[in-house]
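Asker: One-letter residues, chain by chain:
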Amino acid sequence: MIFSLAVYSAPYSSQASYSAYQFAVSLLNQGHSLHRVFFYQDGVHNATNLAAPPQDEFNLQKAWQRLAQDHHLDLVVCIAAALRRGILDESEAKRYDKQSHNLATEFCISGLGQLVEAAVVSDRLICFG
Amino acid sequence: MSTLHTINKSPYTHNTLVSCLKVCSERDGILLLEDGVFGILTSAPGADELQQLIQRGVKVFALVNDIKARGLEEKVAPNIEPIDYNAFVRLTLNHRCVQSWY
Amino acid sequence: MNKKILLISRQAPYGKSTAREAIDIALAASVYDQNIGILFMDDGVFQLLKSQQSQHIDQKNIALILPALSLYGIENIYVHRESLDIRMIKTDELILDDLQLLDNNAIGNLLSQQDHLLSF
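Residue numbers (this note's numbering), protein chains in the order written: chain A, 1 to 129; chain B, 1001 to 1102; chain C, 2001 to 2120.
Bound conformation, chain A alone (with noise of 0.2 Å):
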C-alpha cells in the first residue's frame, strides 16, 4: 500500500513528529512504500539544519534524514508555510535577498499543492498535528 504522512507540529514543543518518525518507520518495515512526508505549519521546524539538540537526546531531523537517504523518501517542506517561519534553500535565500540559508540535507521546499498531490496518489494520508 501507498502511504503519505503530513507532519503539523514542530519537533521537540511536541511529540507529534516523532510519532509520524515512528509510524514511517513501521510502515516501511512492513514492505510499504511511502510517497511523501509533508511538512506544513510548525512542521516545517523539522527541516532547519541550525537546530542543535544535545547530545544525548534522541535527533529526530538525523532520523528523518537516515530514514529519507535508505528508503529515498520524498521530505517536503510547505514554502509558504516555511518561508513565514525562517525555513530557506539556498534559492529562496537568493530571492529574498538573505545572507543565509538553513534547509537540512534530504529535505526540500515545495507548494501546497504537494500534500493534495499526496494525497491524490497515496492509498493512506495520515496527519500527525
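No lab work stands behind these hints, which were simulated from the structure alone. Be aware that one or more of the hints could be misleading.
To be verified - From the derived model, a few chain B residues whose C-beta atoms are all more than 10 Å from chain A:
no., residue
1, T1006
2, V1018
3, L1041
4, D1048
5, G1057
6, K1068
7, E1073
8, K1075
9, P1082
10, R1090
Stated by the list, open to error - With the Cβ distance kept under 7 Å, some of the chain C side facing chain A (calculated, not the full set):
no., residue
11, K2003
12, I2005
13, I2025
14, A2028
15, Y2032
16, D2033
17, N2035
18, G2037
19, S2119
This structure is a prediction, so every number in the text was calculated from the model and none was measured. Glycine included, every Cβ here is placed at the ideal spot set by N, Cα and C.
Start from chain A and add chains B and C according to the hints.
Answerer: Only chains B and C this time, still in chain A's reference frame:
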C-alpha cells in the same frame, strides 16, 4: 469500511476526545496516542461515553509506548487494547480513512 | 482517479495560524480536480462569523477569504450544527449561505464516505 480516529491530546485539557465521541459511529475505531492516552483513565472527561461506545462495538486502542512512558500501564482497562506502531499501521489499513483529532 | 477529500477545520481564526493554513490547502487543492469538501466544527465555526474585523489585529479577514471556496470549485461546505448551538451562533450570523448543517450522525456518515481526511 469505517473511520479510525486518533487522539493525541489529554482529555483533561482539550475537547478532542469528547468531539470525536460525538461523531464516532459504531463501526469506527479509536486510537489514543501521545497525551491522548490519558483518555484511558476512568476519571477523564468523556470516559463514560467512551465505555458506552465500546459496549456498542467501537474498538479502542492505545499506543503502548505512550502508556508506559506516562506510567499508566497498570491503569489500562481490559477493554482498551494496548498496541505498538506496527499494529497502528495495520489499523490504518483496516479502516477506510483516518481522522486525527488534535 | 477522482478522490473524495474532506478538510476538517476545528480551530478558531487568528489565535493560531491553523484556520488560515487549512483554507490555503482547500484553495490549493482546487487545481487537482478532486472532490474536495470542508467541514467546520468545534471552534472552527467561529471562522464563519461575518462580523469579523481582523484589520484590528493586522490579519487578513477569514470571512472575506471563505467566499472564494465556491469560486475554487469547493461546493460542499459543511457545518457541525451542535458546534453552532453550543456557541449560540445563529445561521444568519454566518458569512456563507450555502452551508450544509449536519448533526452528529450525519458527520459520522460523512467521514466514512471519504477517501482522505485532512484535519486542522
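Asker: Compare the structure with each hint and give your call.
Answerer: How the hints compare with the structure:
no. : hint  : result
1   : T1006 : violated (8 Å)
2   : V1018 : holds (18 Å)
3   : L1041 : holds (19 Å)
4   : D1048 : holds (27 Å)
5   : G1057 : holds (23 Å)
6   : K1068 : holds (14 Å)
7   : E1073 : holds (18 Å)
8   : K1075 : holds (20 Å)
9   : P1082 : holds (15 Å)
10  : R1090 : violated (8 Å)
11  : K2003 : holds (6 Å)
12  : I2005 : holds (6 Å)
13  : I2025 : holds (6 Å)
14  : A2028 : holds (4 Å)
15  : Y2032 : holds (5 Å)
16  : D2033 : violated (9 Å)
17  : N2035 : violated (11 Å)
18  : G2037 : violated (13 Å)
19  : S2119 : holds (5 Å)
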